[in-house]
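Asker: Using this note's numbering, you'd call the opening residue of the sequence shown number 1 and step up by one each time.
Some hints here could point you the wrong way.
To be verified - Derived lysine-lysine pairs resembling DSS-like cross-links, with alpha carbons at most 25 Å apart:
#, residue 1, residue 2
1, K171, K146
2, K23, K279
3, K171, K193
4, K146, K10
5, K85, K279
Unchecked claim - Simulated restraints on C-beta separations:
#, residue 1, residue 2, range
6, R124, I173, 21 to 31 Å
7, T259, Q218, 24 to 34 Å
8, E19, A129, 26 to 36 Å
9, M245, N158, 31 to 41 Å
10, A129, D35, 41 to 51 Å
11, D59, N158, 40 to 50 Å
12, D84, N158, 43 to 53 Å
13, Q265, Y195, 39 to 49 Å
14, V40, G208, 43 to 53 Å
15, S122, V75, 28 to 38 Å
16, D59, S39, 14 to 24 Å
Hints were generated in silico from the structure; no laboratory data involved. Ideal placement from N, C-alpha and C gives every residue a C-beta, glycine not left out.
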Amino acid sequence: MRTLLVGNTKCHAATRLQEEFLKRDLQLDMVSPTDVVFSVTDNQTSITANDGRDILAYDVYFFRGLGDLAREMAVIANYLRQHDKVIVEDVFATHTTYFDKFSPTIVDEGIPVLDYRLIFSSHRNVLNAVEYPIIAKSLEGSKGIKVRLLHNRGELDNFIQEFDFPVVLQKYIPIRFDFRVIVIDGIPLGVMKRYNEGEDFLTVRAGGKREAVVLPQQALDLAVHATQVAGLSVAGVDLLEHEGMYYRIEVNMSPQFRTFERVTQINVAGAICEMIQRKYQQHLISVTDLYTDQHASFVVEP
1 MRTLLVGNTK CHAATRLQEE FLKRDLQLDM VSPTDVVFSV TDNQTSITAN DGRDILAYDV
61 YFFRGLGDLA REMAVIANYL RQHDKVIVED VFATHTTYFD KFSPTIVDEG IPVLDYRLIF
121 SSHRNVLNAV EYPIIAKSLE GSKGIKVRLL HNRGELDNFI QEFDFPVVLQ KYIPIRFDFR
181 VIVIDGIPLG VMKRYNEGED FLTVRAGGKR EAVVLPQQAL DLAVHATQVA GLSVAGVDLL
241 EHEGMYYRIE VNMSPQFRTF ERVTQINVAG AICEMIQRKY QQHLISVTDL YTDQHASFVV
301 EP
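Make the full structure from the sequences, and use the hints.
Answerer: Right under this line is the structure:
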């Protein structure tokens with residue numbers, strides 16, 4: 001099984017995936033969307049890597065990270081779909097860059113979420129309706145970097161000027177911790193509790209105290225459901241507990257897992273590798289079944 005990781009090739013997660021593939025004697029190559037060439041010759045489309053590799057020369061394609069290059073990744077994903085390739089995380093071919101964190105579909109499916117607004121402009125009617133304090137988030141942020149607790153209109157204006165639109169304005173609930181659940185192929189691998197340090201902040205920033213914990217089945221089911229509605233095979237689902245009820249904060253596509261593996265002692269990279277293997281085997285079985293069905297009418301009964 002030859003696998004190509006399309007996306008962020010320089011993060012710790014990519015290194016860990018290479019380690020786990022190597023342990024299993026499986027091939028994992030990588031390419032960034034910025035390192036490919038799209039060509040049309042004699043009305044035939046092709047995509048090659050800058051080093052000359054044919055992008056179609058692989059069995060499975062795993063899309064991960066680089067939300068700011070989602071448009072380029074969508075072009076690659078759609079090209080692969082046209083050639084009936086096995087794609088893991090093919091939401092890149094069908095959804096927008098901010099899909100992974102916030103989607104009205106999740107609310108429609110009955111998943112508990114905190115009140116929020118997704119705004120695209122600074123129209124006075126929109127901004128004047130904001131009630132403070134409130135949490136502001138840039139959709140392309142990660143690790144809590146582009147998240148602010150805002151207390152007035154001036155701080156909101158500054159946030160928009162710094163990070164631009166679109167912006168999520170989410171209901172503020174003072175908390176001291178939240179929970180990160182890693183879900184792979186519909187299975188919750190484990191839970192990491194993340195503590196705030198000195199801030200009553202909705203999104204817990206990277207770097208605080210972490211510990212492995214066990215959540216009730218209700219919370220795990222919520223994380224799995226949110227991942228399935230988002231159409232993801234791999235997700236980091238952030239939950240909080242408020243007055244006895246669990247809420248989804250975010251569903252993060254392509255979560256980082258260095259700290260999660262260290263704290264929980266769970267081999268996330270290995271689980272992803274095995275998930276990719278399963279999906280490829282399922283594809284082979286489905287192709288074999290289809291071939292058998294198509295030729296069954298030509299089989300002469302003895």
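Asker: Each of the hints needs a verdict: does it hold here or not?
Answerer: Here is how each hint holds up against the structure:
1. K171 x K146: 16 Å, holds
2. K23 x K279: Roughly 19 Å between the alpha carbons, so the hint for K23 and K279 holds.
3. K171 x K193: 21 Å, holds
4. K146 x K10: 21 Å, holds
5. K85 x K279: Since the Cα atoms of K85 and K279 sit roughly 12 Å apart, the hinted pair holds (cutoff 25 Å).
6. R124 x I173: 21 to 31 Å: 27 Å, holds
7. T259 x Q218: 24 to 34 Å: Distance hint for T259, Q218 holds at roughly 25 Å.
8. E19 x A129: 26 to 36 Å: 50 Å, violated
9. M245 x N158: 31 to 41 Å: At 33 Å between Cβs, range holds.
10. A129 x D35: 41 to 51 Å: With Cβ atoms ~44 Å apart, the hint holds.
11. D59 x N158: 40 to 50 Å: Because 49 Å falls inside the window, the suggested range holds.
12. D84 x N158: 43 to 53 Å: 49 Å, holds
13. Q265 x Y195: 39 to 49 Å: 19 Å, violated
14. V40 x G208: 43 to 53 Å: Between V40 and G208, where Cβ atoms are some 50 Å apart, the hint holds.
15. S122 x V75: 28 to 38 Å: 31 Å, holds
16. D59 x S39: 14 to 24 Å: 23 Å, holds
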